[in-house]
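Number of protein chains: 2
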Amino acid sequence: MAIKNKKIKIARIEKDMTQEELANIVGVTRQTIGLIEAGKYNPSLKLCIAICKALNKTLDDLFWEE
Amino acid sequence: MAIKNKKIKIARIEKDMTQEELANIVGVTRQTIGLIEAGKYNPSLKLCIAICKALNKTLDDLFWEE
DNA sequence: ACATGATGTTAAATATATATTACATATAAA
DNA sequence: TTTATATGTAATATATATTTAACATCATGT
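So the sequence lines, in the order shown, correspond to chains P and C.
Our numbering puts the last residue of the first sequence at 66; the count rises by one with no breaks.
Our numbering puts the last residue of the second sequence at 66; the count rises by one with no breaks.
Because the hints were derived from the structure by calculation, they are not lab data.
Misleading hints may appear alongside valid ones.
Here are the simulated EDC-like cross-link-like pairs (lysine to aspartate or glutamate), alpha carbons at most 20 Å apart as the crow flies [as the list claims (entries may be wrong)]:
| hint | chain 1 | residue 1 | chain 2 | residue 2 |
| --- | --- | --- | --- | --- |
| 1 | C | LYS46 | P | GLU20 |
| 2 | C | LYS53 | P | GLU66 |
| 3 | P | LYS46 | C | GLU20 |
| 4 | C | LYS57 | P | GLU20 |
| 5 | C | LYS46 | P | GLU37 |
| 6 | C | LYS57 | C | GLU21 |
| 7 | P | LYS57 | C | ASP60 |
| 8 | P | LYS6 | P | ASP60 |
| 9 | P | LYS15 | P | ASP60 |
| 10 | P | LYS46 | P | GLU65 |
| 11 | P | LYS46 | C | ASP16 |
| 12 | P | LYS46 | C | GLU21 |
| 13 | C | LYS57 | P | ASP60 |
| 14 | P | LYS53 | C | GLU65 |
| 15 | C | LYS9 | C | ASP60 |
| 16 | P | LYS57 | C | GLU65 |
| 17 | C | LYS46 | C | ASP60 |
| 18 | P | LYS40 | P | ASP16 |
| 19 | P | LYS53 | P | GLU20 |
| 20 | P | LYS53 | P | ASP16 |
| 21 | P | LYS9 | P | GLU21 |
| 22 | C | LYS53 | P | GLU20 |
| 23 | P | LYS15 | P | GLU66 |
| 24 | C | LYS46 | P | ASP61 |
| 25 | C | LYS57 | P | GLU66 |
| 26 | C | LYS40 | C | ASP16 |
| 27 | P | LYS53 | C | ASP16 |
| 28 | C | LYS57 | P | ASP61 |
| 29 | C | LYS40 | C | ASP61 |
| 30 | C | LYS6 | C | ASP16 |
| 31 | C | LYS46 | P | GLU65 |
| 32 | P | LYS7 | P | GLU20 |
| 33 | C | LYS4 | C | GLU20 |
| 34 | C | LYS7 | P | ASP60 |
| 35 | C | LYS46 | P | ASP60 |
| 36 | P | LYS9 | P | GLU20 |
| 37 | P | LYS53 | C | ASP60 |
| 38 | P | LYS40 | P | GLU65 |
| 39 | P | LYS57 | C | GLU66 |
Could you build the full structure based on these sequences and the hints that come with them?
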């Protein structure tokens, strides 16, 4: 089972955003955000960057491990 | 026409690697690397991370555009 | 107890990343 | 000129990301 991405969830909650709100901003569905946070997805670079910009973070902030 | 990703090409050449060598290390084909460098691809996060590790760089180093 | 909002999760359909194969060009070496 | 290596590019096939729709749980509020 994949590793959860808590960083996105934390950054999202810091901004008082629901999964659905974030999804609307970046142009995907709620389920896609949910699955990314659950670590069950391998999102595209474009989507990663869109999430970063919506949350005022960088790729390293949200998607880099180690 | 999409923006070229010169950062990858530069980092690859710094390591004296051909597109094919990098492709073998990260487990994709030469064409995939070529198209990413040409800016005509939207690679997966997993592939981006593999490329970063092969070139001793981070996601922000290679894939973040202000 | 009932309603509502946020989230987890799953099945099937669609869009797109990636592989495969092939052919082209450019460059450097023999 | 020929040979070999590195790269650009395109067509079709396959794998997988993402959508859509549906139903579930878990809070919190009324």
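*Which of the numbered hints above does this structure break?*
1, 3, 4, 11, 12, 18, 22, 23, 26, 27
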